[in-house]
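Engineer: Chains as they are written, first to last, in this note's numbering: chain X, 1 to 326; chain F, 1 to 326; chain S, 1 to 326.
Keep in mind the hints are simulated off the structure, nothing from the lab. Treat the hints loosely; a few may be bogus.
Since copy identity is lost for identical chains, a pair holds within one copy or between any two.
Cut-off 25 Å, straight-line C-alpha distance, at most; resulting in silico cross-link-like pairs (BS3-like, lysine-lysine) [unchecked claim]: (1) 317 x 296; (2) 316 x 281; (3) 63 x 300; (4) 138 x 120; (5) 313 x 296; (6) 281 x 52; (7) 266 x 300; (8) 52 x 63; (9) 129 x 59; (10) 138 x 13; (11) 266 x 59; (12) 138 x 14; (13) 52 x 97; (14) 32 x 52; (15) 299 x 281; (16) 296 x 316; (17) 316 x 120; (18) 33 x 18; (19) 97 x 316; (20) 299 x 316; (21) 281 x 296; (22) 170 x 97; (23) 266 x 97.
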Amino acid sequence: MIDFNRQDFFPIKKKVTKDSIEELLKDIILDKKNLTNIIISNICSLKNIFNKSILFINKNNEKFIINNNSVLTITDSHNRFSNIIDDPCILVSNLGKSYNLLANEIFFHEDNNNFNDEFKFINNSYFSKYSHIHPSSKFGNNCVIGRGVKIGSNCIIKNNVIIKNAILGKSVNVSDSTTIGSTGFGFDINNMGSNDISPHLGIVYIGDYVHLGSNCTIDRGKIDVTYIGRKSMLDNMVHIAHNVVIGDNACIAAQSGVSGSTEIGKNFIAGGQSGIAGHLKIGDNVVVAAKSGVTKNIKKNSIVAGFPAIDIKEWKKNIIRNRKYK
Amino acid sequence: MIDFNRQDFFPIKKKVTKDSIEELLKDIILDKKNLTNIIISNICSLKNIFNKSILFINKNNEKFIINNNSVLTITDSHNRFSNIIDDPCILVSNLGKSYNLLANEIFFHEDNNNFNDEFKFINNSYFSKYSHIHPSSKFGNNCVIGRGVKIGSNCIIKNNVIIKNAILGKSVNVSDSTTIGSTGFGFDINNMGSNDISPHLGIVYIGDYVHLGSNCTIDRGKIDVTYIGRKSMLDNMVHIAHNVVIGDNACIAAQSGVSGSTEIGKNFIAGGQSGIAGHLKIGDNVVVAAKSGVTKNIKKNSIVAGFPAIDIKEWKKNIIRNRKYK
Amino acid sequence: MIDFNRQDFFPIKKKVTKDSIEELLKDIILDKKNLTNIIISNICSLKNIFNKSILFINKNNEKFIINNNSVLTITDSHNRFSNIIDDPCILVSNLGKSYNLLANEIFFHEDNNNFNDEFKFINNSYFSKYSHIHPSSKFGNNCVIGRGVKIGSNCIIKNNVIIKNAILGKSVNVSDSTTIGSTGFGFDINNMGSNDISPHLGIVYIGDYVHLGSNCTIDRGKIDVTYIGRKSMLDNMVHIAHNVVIGDNACIAAQSGVSGSTEIGKNFIAGGQSGIAGHLKIGDNVVVAAKSGVTKNIKKNSIVAGFPAIDIKEWKKNIIRNRKYK
């Protein structure tokens, strides 16, 4: 897991205390426990626990108890709430709303109207004053490099590229008009629209020697990191959603997409116009044929095809069986 | 229907009279009727009739008679022509050609080589002198906001965004490298190429609280309005073609596309990489599964999947029946 | 075939001699023949032989012998090597590696960290000092026009468009945020990552009266030309990979893609979200239905649908046969 300091990317707006949290959530608090004089200045997930953070736990994760009394758990699970002994915890009626209220209270971020970055114009591109660029890396025209972005040595960033909320290793190539680190697609079907949008507060990590094509989109993680492993190669118009993890040496052909929170092993190969649903686990050395749609977890060393994607040999047999030429 | 003044977006080149129209169309006029001293300065469709406009009617619409003697109907339907009594009407042999000739005669537009917009450079983006931006809205770098564009309060427009021929409500978020209001795909298979291209003269309307992802394209209407209802949310790389109408609260996942002139009701949900063919009617509360291709009208409250898309339960049964494991 | 001078687009770094080639390839040379005092300053393919060039021949092409003693053939085919009599030839153990070493030795190119273009800022866009633009053509804002690019008369290039390594005819329209001439997806599954990337050294040719939509990507050829025939029309988010040849009057709907090295005849029509695999031959007057995936060569005058795409009548029969209602 990549370590990063969230405040490098966007400033903290306000540390919150027991009292301000209770006030903020007053319409949705059902119960509370062990709320000592904690001060919260960060947010975390079960993947990566930070001190002085809020942790949001839904029913799916209710069994994971972390023993850390500097972490405030907010949950909508009565079971979870009951099972906690020493750690601070708040039980709420609406977890999504509690997330939105607290994230917007604590952080400035780019979907807040009051977040400002400050740019220098250098060689026809805009660089945040708070970005960290290795001097050996090269940039085309009309790029925008946002606050906190770190770019390693010998990278080639072409024209009209946007990089925000991201850390790039060394020798990364990013082709024209690609967008890295913009907000993922966070929606709540019961609360649609930009005014109810879930703040996305994570980053993108791009490993060494990665090559990204033109007009791609790699969304930032929601809380953690969207990760592209070293030496991976993405063709044009590839979409990688928030929280996705892709292992080293991936090779993803044009117009393919990976939906949110899916985790893919090493040496992944995907043909063009393929799609991977969200929240899946794809093993090492998996091959997905062109135009396939993967809807289930895939074991390592598998080759799949079709939609819903199945073993490629089965898929071919089905194709033949379901065709009759007179 | 959104009311808009076409001349806000691009200037009128020339008002046309009875005489100049007859001269312009002389090679394709078959007959004419009631051509009094009309002066034409606009164009309209059956959806939204304007005075002093030309209206183009093909055989599919020949039954709709509007009683307005300031509207000049151009038609290739002999039936329509015969049935008109009082209103001005011209019967032509080639409706597409008459459209192109008249639209290019009356209007400057961005696919004319002689259309010029004038820009101010403010905070690293270009704003047309003739755009109207609420001062509370915020813009990233390298944006281009064209003539006539109206942007409401509290919008967040990120980097490298193009907005032309469009009206945005309040609190609209537009993510990086998205293009709004560019020309739709108007072609005539018998007259290919940029020199025979149909002028697109409509606009885009984006409702309040809409969220648009990165690297999307929302094309302007041909004559009327491409419409995205309030609180709708589009993920990255979504394509919305000309004249499409999407109701409130739509949720469209990445890499999906809606073809020209399709009208979709409220609370639409579409999975990633789905496609909707053109000229369809999709009811309220319809769900389209990921990777589906919708080729027919869909009744309200339906859930469809597959290509061609059918009821999702049927689709699942078909999937199972058409697979045999050994 | 379009004639072009590679050095217009990126400067030659170094001419190579017999001695420097032998030194460079010393780890992978298996044998050599007729290496006289040749001086190499270019690269070519079997499609278009140039004097003083290197030609790379793999096993698939081993039978094509060109009789030109100013062309140095590098091959990994023992047969080919044996069959050459007079011409200079080197037999190597790793053809991809020999290509990468020689291409990087001879040429500066944009995936080299040491390639620099020089730009003038004119009317809000960047133009290489070494580009050739007809004065009647018009440009939006934030465009980047690279070294060697030629643009004919009366073109309309909209906003945030990137054009590199390309020749455009007259009256070409390019809509917003489209990328022309960036590097294609060249990868070697055994040598992944940006440090082992195959240099792409070819160009894009766009014929007269072509119309390109928004947010498209047209990749440069690897050695030769990616070609879009005159009067062709591409909708938004269409991807055309390296070395693709598309005949005149093509009409390709949104979100479609053509993979590398496929050659398509005249009057091609493709529906939205369709895909064509690489290295195929598609005849004249072929129609590919929306969402199809073409995996095999297609004869002229065919209409195909589905994935894998088959004759559209068969496809429709299969659809009906494989559905049972009740």
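Engineer: Treating 25 Å as the Cα threshold, decide for residue 281 and residue 52: within, between, both or neither.
Structural biologist: Neither: 30 Å inside a copy, 52 Å across copies.
Engineer: Please sort residue 296 with residue 316 into within, between, both or neither, judging by C-alpha distance up to 25 Å.
Structural biologist: For residue 296 and residue 316, both the intra-copy (19 Å) and inter-copy (15 Å) Cα distances are at most 25 Å.
Engineer: Checking residue 266 and residue 97: alpha-carbon separation at most 25 Å within a copy, between copies, both or neither?
Structural biologist: between (36 Å within a copy, 23 Å between copies)
Engineer: If the cutoff is 25 Å on CA atoms, where do residue 281 and residue 296 land: within, between, both or neither? Let me know, please.
Structural biologist: within (8 Å within a copy, 32 Å between copies)
Engineer: Between the shortest in-copy and the shortest cross-copy C-alpha distance, which are at most 25 Å for residue 63 and residue 300: within, between, both, or neither?
Structural biologist: Neither way: residue 63 and residue 300 sit 28 Å apart in one copy and 40 Å across, limit 25 Å.
Engineer: When no copy is specified for residue 97 and residue 316, does a C-alpha distance of 25 Å or less occur within a copy, between copies, both, or neither?
Structural biologist: neither (47 Å within a copy, 35 Å between copies)
Engineer: Cα distance capped at 25 Å. Does residue 129 pair with residue 59 within a copy, between copies, both, or neither?
Structural biologist: For residue 129 and residue 59, neither the intra-copy (42 Å) nor the inter-copy (53 Å) Cα distance is at most 25 Å.
Engineer: With 25 Å as the alpha-carbon cut-off, assign the pair residue 33 and residue 18 to within, between, both or neither.
Structural biologist: This pair counts as within: shortest intra-copy Cα distance 11 Å, inter-copy 80 Å.
Engineer: Have a look at residue 317 and residue 296 and pick one of within, between, both or neither, based on CA distance no larger than 25 Å.
Structural biologist: both (20 Å within a copy, 18 Å between copies)
Engineer: Checking residue 138 and residue 13: alpha-carbon separation at most 25 Å within a copy, between copies, both or neither?
Structural biologist: The answer is between: 19 Å across copies meets 25 Å, while 33 Å in one copy does not.
Engineer: At 25 Å max between alpha carbons, let me know whether residue 138 reaches residue 14 within a copy, between copies, both or neither.
Structural biologist: between (36 Å within a copy, 22 Å between copies)
Engineer: For residue 266 and residue 59, with the copy left unspecified, which applies at a CA distance of at most 25 Å: within, between, both, or neither?
Structural biologist: The answer is neither: 30 Å in one copy and 30 Å across copies each exceed 25 Å.
Checked against the numbered hints above, the structure breaks hints 3, 6, 9, 11, 17 and 19 and satisfies the rest.
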